[in-house]
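Please build the complex by placing chain B on the supplied structure of chain A, with the hints as guidance.
Number of protein chains: 2
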Amino acid sequence: MSRELIQHIREFTKLTDDQADFITASVSERKVLKKELLLTTGDICRVNYFVVSGCLRLFFIDEQGMERTIQFAIENWWMTDYTSKDRNVPSQYSIQAVEDSIIISLDNKTSEKLFATIPALETYFRKILQRAYSASLFRIGLLYSRSKEEMFFGF
Amino acid sequence: MSRELIQHIREFTKLTDDQADFITASVSERKVLKKELLLTTGDICRVNYFVVSGCLRLFFIDEQGMERTIQFAIENWWMTDYTSKDRNVPSQYSIQAVEDSIIISLDNKTSEKLFATIPALETYFRKILQRAYSASLFRIGLLYSRSKEEMFFGF
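Which chain is which? The protein sequence lines are A and B, in order. Using the working numbering, you'd call the opening residue of the first sequence number 130 and step up by one each time. Using the working numbering, you'd call the opening residue of the second sequence number 130 and step up by one each time.
Be careful, since some hints might not be right.
A pair holds if it fits inside one copy or across any two, identical chains being indistinguishable in the list.
When the alpha-carbon atoms are kept at most 30 Å apart in a straight line, the in silico DSSO-like pairs for lysine-lysine are as follows [what the hints assert, rightly or not]:
(1) Lys164 to Lys143
(2) Lys256 to Lys238
(3) Lys163 to Lys143
(4) Lys143 to Lys238
Hints were generated in silico from the structure; no laboratory data involved.
Okay, chain A solo, but in the shape it has when bound:
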């Protein structure tokens, strides 16, 4: 259980076996089915999801009623709505399983406890956020390079 997460953390920072055991005991892993919603627009997001296998997507409904996916999370990526989570406000997004997936849920209370106990986790999340942030800027660049039609069918 959670072997993939521990392995992923250790790619970015050091973790003792005791710390790894503590993390493993603090988080829960479960299977979600294709199309299952983990967050629904209007709800407050209180969980950060780590994808062990499968794929999640973050999307919103635009003014024309179209679903617009603004991010995918595949194996070893995290997905949450930080705006909703950090400010305790309703989310503008939904999170849905694109296919049957195995995910690890890290709720707010647990993450606060883990950050307070294991400073290395701050380093881990800083580094993966640098990567996620870069990826989103790259995505913005791609959107500029695509025609409206390509955007519509391509994402």
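Chain B in isolation, oriented as in the chain A frame:
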């Protein structure tokens, strides 16, 4: 010097006066002129810039030779190319002052030294990256909602 940065860090995490002095002594503040380039496409990005006053932009040149701004950094925002900085590869972007600005430069070696000495900085950067990442996802959502013409003239 660097008072704004220390104040900004303290909005997100605790910092002792000694730590604040150490940060202040480690970073440099300077004025940059409108249109001055801090990073040029093809160079390796080795610095993270904090905007004390003024505005920076991150842009790339598209296939039609047009400059495409994918991010602005105003007061209290950081700007860098994490992909180039973390992987030591040439940047696809340029960073330029939009107007006369006061910036604080944090180079890679200094930031490594600071992270090793002041763990609270990991928390600070994790939290500001959560915010920056959320802002870029929001931007992606906006791009979906705009026509190609609005994208062209609007950014």
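For the identical chains here, do Lys143 and Lys238 meet the 30 Å Cα criterion within one copy, between copies, both, or neither? both (23 Å within a copy, 20 Å between copies)
What label fits Lys164 with Lys143 when the C-alpha limit is 30 Å: within, between, both, or neither? neither (36 Å within a copy, 42 Å between copies)
Taking 30 Å as the upper bound on the Cα-Cα distance, should Lys256 and Lys238 be classified as within, between, both, or neither? Intra 21 Å, inter 16 Å, cutoff 30 Å: intra and inter.
At most 30 Å between C-alpha atoms: does Lys163 with Lys143 qualify within a copy, between copies, both, or neither? neither (34 Å within a copy, 43 Å between copies)
Hints 1, 3 from the earlier list are contradicted by this structure; the remaining hints agree with it.
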